[in-house]
Structures are given as C-alpha cells and as structure tokens.
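Protein chains: 2
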Amino acid sequence: MLIPESSLRKFTENIFTAMGCSAEHSQLAADVLLKSDLRGIDSHGVARLKGYVRLWEKKRINTSPDIKIVHETPTTATVDGDAGLGLIVAPFAMQVAISKAEQYGSGWVSVRNSNHFGIAGYHALMAVEKDMIGFAMTNASPLVSPTYSSERLLGTNPMCYAFPAGKYPPVIVDMATSAAANGKLEIAQRLGKQVPEGWIQDKQGNSTTDPHALKTGGALLPLGSDAEHGSHKGFGLGATVDILSAVLSGANYGPWVPPFVAFLDPPTDPVGSGIGHFVGAMRVDGFRPVDEFKSHLDNWIERFKSSATIDPDQKVIIPGEPETEAEKDRKVNGIPLVDAVVKDLNELAERFRIEPL
Amino acid sequence: MLIPESSLRKFTENIFTAMGCSAEHSQLAADVLLKSDLRGIDSHGVARLKGYVRLWEKKRINTSPDIKIVHETPTTATVDGDAGLGLIVAPFAMQVAISKAEQYGSGWVSVRNSNHFGIAGYHALMAVEKDMIGFAMTNASPLVSPTYSSERLLGTNPMCYAFPAGKYPPVIVDMATSAAANGKLEIAQRLGKQVPEGWIQDKQGNSTTDPHALKTGGALLPLGSDAEHGSHKGFGLGATVDILSAVLSGANYGPWVPPFVAFLDPPTDPVGSGIGHFVGAMRVDGFRPVDEFKSHLDNWIERFKSSATIDPDQKVIIPGEPETEAEKDRKVNGIPLVDAVVKDLNELAERFRIEPL
Numbered sequence: 001m002l003i004p005e006s007s008l009r010k011f012t013e014n015i016f017t018a019m020g021c022s023a024e025h026s027q028l029a030a031d032v033l034l035k036s037d038l039r040g041i042d043s044h045g046v047a048r049l050k051g052y053v054r055l056w057e058k059k060r061i062n063t064s065p066d067i068k069i070v071h072e073t074p075t076t077a078t079v080d081g082d083a084g085l086g087l088i089v090a091p092f093a094m095q096v097a098i099s100k101a102e103q104y105g106s107g108w109v110s111v112r113n114s115n116h117f118g119i120a121g122y123h124a125l126m127a128v129e130k131d132m133i134g135f136a137m138t139n140a141s142p143l144v145s146p147t148y149s150s151e152r153l154l155g156t157n158p159m160c161y162a163f164p165a166g167k168y169p170p171v172i173v174d175m176a177t178s179a180a181a182n183g184k185l186e187i188a189q190r191l192g193k194q195v196p197e198g199w200i201q202d203k204q205g206n207s208t209t210d211p212h213a214l215k216t217g218g219a220l221l222p223l224g225s226d227a228e229h230g231s232h233k234g235f236g237l238g239a240t241v242d243i244l245s246a247v248l249s250g251a252n253y254g255p256w257v258p259p260f261v262a263f264l265d266p267p268t269d270p271v272g273s274g275i276g277h278f279v280g281a282m283r284v285d286g287f288r289p290v291d292e293f294k295s296h297l298d299n300w301i302e303r304f305k306s307s308a309t310i311d312p313d314q315k316v317i318i319p320g321e322p323e324t325e326a327e328k329d330r331k332v333n334g335i336p337l338v339d340a341v342v343k344d345l346n347e348l349a350e351r352f353r354i355e356p357l
Numbered sequence: 001m002l003i004p005e006s007s008l009r010k011f012t013e014n015i016f017t018a019m020g021c022s023a024e025h026s027q028l029a030a031d032v033l034l035k036s037d038l039r040g041i042d043s044h045g046v047a048r049l050k051g052y053v054r055l056w057e058k059k060r061i062n063t064s065p066d067i068k069i070v071h072e073t074p075t076t077a078t079v080d081g082d083a084g085l086g087l088i089v090a091p092f093a094m095q096v097a098i099s100k101a102e103q104y105g106s107g108w109v110s111v112r113n114s115n116h117f118g119i120a121g122y123h124a125l126m127a128v129e130k131d132m133i134g135f136a137m138t139n140a141s142p143l144v145s146p147t148y149s150s151e152r153l154l155g156t157n158p159m160c161y162a163f164p165a166g167k168y169p170p171v172i173v174d175m176a177t178s179a180a181a182n183g184k185l186e187i188a189q190r191l192g193k194q195v196p197e198g199w200i201q202d203k204q205g206n207s208t209t210d211p212h213a214l215k216t217g218g219a220l221l222p223l224g225s226d227a228e229h230g231s232h233k234g235f236g237l238g239a240t241v242d243i244l245s246a247v248l249s250g251a252n253y254g255p256w257v258p259p260f261v262a263f264l265d266p267p268t269d270p271v272g273s274g275i276g277h278f279v280g281a282m283r284v285d286g287f288r289p290v291d292e293f294k295s296h297l298d299n300w301i302e303r304f305k306s307s308a309t310i311d312p313d314q315k316v317i318i319p320g321e322p323e324t325e326a327e328k329d330r331k332v333n334g335i336p337l338v339d340a341v342v343k344d345l346n347e348l349a350e351r352f353r354i355e356p357l
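The listed protein sequences derive, respectively, from chains A and B.
Going by my numbering, the first sequence opens with residue 1, and the numbers climb by one from there.
Going by my numbering, the second sequence opens with residue 1, and the numbers climb by one from there.
It is worth saying that the hints were derived from the structure and are not from the lab.
Quick caveat: nothing in here was measured; it's all calculated off a predicted structure.
If a hint is listed, it holds; no wrong ones were tucked in.
You can't tell identical chains apart in this list, so a pair holds if it fits in one copy or across any two.
With a cut-off of at most 25 Å between alpha-carbon atoms, the simulated BS3-like pairs for lysine-lysine come out as follows: (1) K203 - K315; (2) K203 - K305; (3) K294 - K68; (4) K10 - K50; (5) K10 - K328; (6) K328 - K294; (7) K130 - K294.
Input sequences plus hints: build the corresponding full structure.
Given below as structure tokens:
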C-alpha cells in the first residue's frame with residue numbers, strides 16, 4: 001500500500017498529539033519518523049509508532065518533558081531528556097551542538113534519560129544543512145554479544161558521520177555496529193528463510209542460521225562476525241558508542257539499557273537514567289573554506305563511484321546514496337507500507353479516535 | 001632476541017638523529033615507535049624504521065620541518081606538517097587539540113602534508129593522560145577495495161578512541177577499518193600458510209586465501225569482508241577516516257595517498273599534500289565529574305570482563321587490555337625482535353655509523 005508523504009505525516013502527527021505531545025513536538029517527532037520512511041529505512045519509521053505508544057502507556061515515555069542542559073563548557077554539554085521521546089530529545093541536543101559550533105567551531109553533546117531516537121542520520125543531517133560535519137550515535141537495548149561471550153550486552157549501537165558535498169548529495173555513513181540489523185532477521189522470519197552464518201549465535205554461543213535464535217536466548221554478532229574476521233572491532237565500535245552515549249552522560253549502559261519493547265520491564269538496578277545518545281557538529285570552515293572542501297568531496301565521490309567493479313552491473317555505492325535515491329522516489333510516489341504496519345497504525349487510530357489511513 | 005627497552009630506545013633515537021632530526025624530535029619519534037613495540041604491535045614499531053629511512057633518502061620526509069597551524073577557530077585547526085615524520089607531526093597536532101580542549105572543552109585538528117604516524121593509540125593516549133577522551137585516525141596508502149570494487153582505493157585507515165578509567169587501564173579501541181591488517185598477511189606468507197576467506201580478494205575481485213594476492217594486484221577487504229556481512233560498513237568507516245583526515249585538511253585521499261614503500265613513487269597528479277590525520281580531545285569534565293565517569297567506566301569494564309563466555313578458557317577482552325598486558329611484560333623483560341628486524345636495524349647502524357644493537 002502506497003501512502004502519500006503528506007497523509008502519513010499528518011496521521012503520525014495526530015498520534016503524537018493524541019499521546020499528549022505539543023503541536024511543535026508532534027511535528028518534529030513525525031518529521032524524524034517520516035525521514036526514515038522516506039529514506040527507505042522502513043524498520044525505523046512509522047513501523048515503530050506502536051512501540052512508542054506502548055512505552056508511553058507504561059509511563060516510560062514522558063510526552064511533556066523538561067529537556068535541559070545539566071552541565072556544560074563552551075563546546076561540550078550533557079543534556080537530560082526527562083524521559084522524553086528520543087525523537088524530540090536528540091534534535092534538541094543537536095541544536096545545542098550546532099549553536100556551540102557556530103560560536104566556537106565545534107559542539108558535542110552527550111544525552112541521558114532519553115528513549116530511542118529514530119535514525120541517527122536525521123540528527124547528523126541537521127549539522128550538514130549548516131555546512132557542518134554531523135556525528136550522531138545512540139546506545140540501545142542489549143541484543144549483541146561481545147566477541148567470546150554468550151551474553152547480550154550491547155545494543156546494535158549505530159554510529160553516523162555525515163559530510164556536506166557540493167553537486168552531490170551528502171556522504172552519510174549511518175550503520176549499526178552489529179554484522180546485521182534486527183530488521184534483516186525479521187525479513188528472514190517472515191519468508192521462512194535461514195540467515196547467513198555470521199549474523200547470529202544461539203544461547204550457548206554456537207553459530208546458527210536460524211533467524212528465530214534471538215527469541216530463544218541467542219544474540220546478534222558484532223560487525224566482523226567472528227574473531228578471525230575482526231568481530232573484536234565491531235565490539236570495540238559498539239563499546240565506543242555505549243561509553244560516549246551513556247557512561248559519559250549518566251545514562252544506562254551495557255545490559256542495563258532499558259528494552260524498547262514494552263512487555264519487558266527495565267532492569268531493577270539501573271546504573272543511570274534512560275538510554276543515552278551522543279551528537280556533535282564541526283564547522284567545515286573551521287578547517288578549510290567550505291567550497292574547497294565540497295569540491296574535493298565531489299572529486300572523492302566521483303573517483304569512488306567510477307572505480308573498476310567486479311560485476312559490471314553492480315557499481316560502487318557511496319554511503320548514503322541508496323537512501324537519497326529512495327527519498328527522491330518516495331517524495332513523489334508515496335511511501336510503501338506492508339499490510340501488517342497499516343493494520344497496526346489503524347488500530348492506533350481507533351484507540352486514539354483519529355482518522356485512519 | 002630480547003632487547004631491553006632502554007637500549008632499543010637509545011638506538012632508535014640515534015637513527016633519527018643521524019637522519020637530521022633535532023634531539024627533541026629524535027626522542028619523540030623514538031617514543032612513538034617504542035610505545036608500539038612495548039604494546040606488542042610489532043608491525044608499527046622499530047620494524048618500520050628502515051621504511052622511514054628509505055623515504056627520507058628519497059627526500060619524501062623532511063627531518064627539520066616547520067610544522068604549523070594554517071587555519072583555526074577556538075576549537076578546530078588545520079595543521080601543515082611540512083612533510084615531517086608523522087611521528088612528530090601527529091603529537092604536535094594532538095597537543096594543539098589538548099590546549100583547545102583545556103580552554104573550551106574540546107579540540108579537533110585535521111592534518112595535511114604528513115607521513116605515517118605509527119600507532120593511533122599513542123596520540124589518543126596523550127589526551128587520556130589529561131583526563132580527556134582521545135580520538136586519532138589517519139589515512140594510508142591504498143590497499144583496500146570498497147565493496148563491489150576490484151580497485152585499491154583506501155588504506156587500512158585506522159581509527160582510535162581512548163577513554164580514561166579509574167582503577168583499570170584505559171579502554172582503547174584502536175583498529176584498522178579493514179577485516180585484517182597487512183601484518184597478518186605477512187605472518188601467513190612467512191609460514192607458507194593460507195589465510196581465511198574474507199581477508200583478501202585477487203586482482204579480479206574473486207575471494208582468495210592466497211596471502212600473496214596483494215602482490216599480484218589483489219586487495220584487502222573492508223571490515224565485514226563481504227556485502228552480506230556488512231563490508232559496506234567497513235568501507236563507510238574507512239571513508240570517514242579518509243574524509244576527516246584528508247578531504248578536510250587538504251591532504252591526498254583515496255588512491256592519491258602516497259605509498260609508504262619508497263620503491264613506489266607517489267602519484268604524479270596529487271590532489272593535496274602528503275597524507276592526512278585527524279585527532280581530537282574532549283575533556284571528560286566537560287560532561288560530568290571525572291571521578292563519576294571513571295567509576296562508571298570501571299563498572300562497565302567489570303561487567304563486560306565477567307560476562308558469561310562461550311569457552312571457559314577464553315574470557316571477554318576489553319579493548320586495549322592485551323596491549324596493556326604486553327607493555328607491563330616488555331617493560332620488565334625486554335622487547336622481542338625477530339632476526340630479520342635485528343638484521344635490518346644493524347644494517348641501518350652500519351649505514352649511519354652508530355653503535356649496533
């Protein structure tokens with residue numbers, strides 16, 4: 001089912017408003033989710049709306065938060081999100097980082113007491129629009145085992161770096177630090193297919209191709225998949241995200257991160273508040289004139305895009321390119337939603353007595 | 001052959017002095033290389049001394065450089081290394097970043113016109129000693145193919161994040177963004193062994209287990225090894241390092257990065273100056289009190305170290321832990337050098353008429 005962007009946006013705003021968000025917050029939260037759907041990252045868009053509503057019903061999301069800076073220097077800050085939607089808290093934090101960068105060249109904000117923030121790319125792109133380099137990362141519910149462990153101790157902990165180009169779209173590296181994202185397992189589950197070795201392990205830590213292994217105590221594997229192929233590097237990246245987002249801000253880290261699913265309760269012995277993010281912005285012209293940087297980044301993009309390929313039909317993909325293409329298409333042709341998501345959304349509409357899709 | 005740290009340090013200083021480095025620069029450059037050998041990263045220590053000498057003989061390293069800031073804001077700067085040793089240029093840049101962080105909370109420096117800087121961890125640790133979080137990365141000669149490409153367009157482009165802990169050693173994530181480092185191929189070559197699938201491809205881009213494939217036009221693979229296991233993420237990380245280190249500073253990037261080996265000439269159509277680095281420092285107390293951060297990082301370390309393991313004999317390894325253990329041991333017992341390296345070093349001693357090992 002193809003839904004025009006404007007209808008889905010209005011619908012999503014209505015849901016957030018019905019949850020008690022202000023008009024401004026409803027628009028912003030909907031903008032973050034829609035950006036994900038527009039860019040083809042279907043797992044992080046309106047498909048998660050039901051999840052946010054359930055957390056709100058459990059009083060784990062505060063829809064009228066007092067988000068504030070609790071500690072700062074000219075270029076660093078810690079923000080307390082007051083248990084607000086990450087979709088609201090992270091843009092607040094990025095705005096702080098951008099203001100600091102405008103004044104001093106760079107700005108860095110660690111965030112505690114927040115919730116899931118949607119796609120990292122949304123927040124990093126806020127900086128790119130100001131001719132800055134954007135950084136955004138977040139920790140998340142534990143689903144990934146460190147190398148050699150059978151326990152789930154880290155989230156898929158995504159990191160994003162975004163760079164403004166000249167005649168080309170921005171370069172956006174936006175990646176989970178696990179070998180595969182949970183969304184890819186769900187696709188295999190729906191199709192009844194096995195997944196490749198190197199994505200998951202079972203409860204004992206044995207390699208498995210069963211996409212349901214996560215439900216029986218298994219775990220996702222860090223980027224690199226196994227020790228021989230550098231999974232300690234994926235673990236190190238996930239650890240970096242966890243430390244910058246939570247150990248630095250006072251959020252929960254590692255296995256203490258509260259689960260996104262409302263049917264699992266948060267740990268009863270928290271080591272901090274909510275989940276954590278880390279965002280940053282650096283002015284390009286803090287290093288060299290913007291037009292010089294952009295013209296060299298264009299040259300970089302052209303050189304990599306035109307490189308010799310293994311398969312003549314598969315060109316090298318510049319980070320962020322497929323998402324930019326999806327956005328162009330979906331802005332015109334609408335956003336495809338699978339039936340299960342439409343059903344979920346219309347159940348929410350009924351619950352909140354708003355117009356269905 | 002086990003060499004006491006002090007003898008190897010003095011020897012290395014003498015080589016740099018013979019190349020024309022000042023006493024201060026000789027001590028610093030030797031300190032960077034020795035740190036690598038002490039920490040068990042044998043591929044980046046004195047084993048590379050011959051490589052630096054050969055580049056100097058080709059006049060590609062300037063041993064009396066005028067290293068300077070060419071552009072800056074309160075918290076950002078671009079440094080021109082004047083073709084100096086990266087072992088000297090990168091600590092200069094990190095010192096600039098630390099000074100800015102002392103004043104404004106954070107400092108970020110992109111570097112052009114430099115050479116190889118040894119281990120990234122050395123530079124990041126300079127920040128850790130000041131209770132700051134340290135960042136260090138560098139681009140390098142092209143050996144890695146992007147996903148879907150048969151061309152070598154990126155170096156092994158390492159990135160390092162280092163965090164000060166309390167009662168434990170710092171957490172140091174210091175990793176090449178390729179699946180395997182070149183040093184691991186060299187070990188397999190010496191032993192006449194095959195390497196695992198997923199480390200390298202041949203000239204046509206086919207998967208191979210031949211450790212010599214790099215010499216016949218093959219390439220290292222990005223972290224993740226293949227598209228199914230997320231090699232686009234390793235490519236994205238390598239690209240991030242390249243852009244921050246070189247597109248931002250005005251150094252050479254991608255396939256234009258000059259080779260470390262002196263028998264290969266640099267490209268005749270450079271897009272910048274020398275190779276590039278990117279370093280940064282953020283004061284921990286720019287976010288929360290240092291003792292709070294350290295005590296939570298200690299808790300993080302304890303939780304991960306004590307996690308359930310797959311094999312009872314293989315505990316989870318905290319990033320940086322094996323290197324810290326090696327340093328403790330080698331400081332007392334000396335640094336093991338293989339015969340080939342001792343031979344190389346003593347040939348250098350003869351060439352420069354200094355005392356051999």
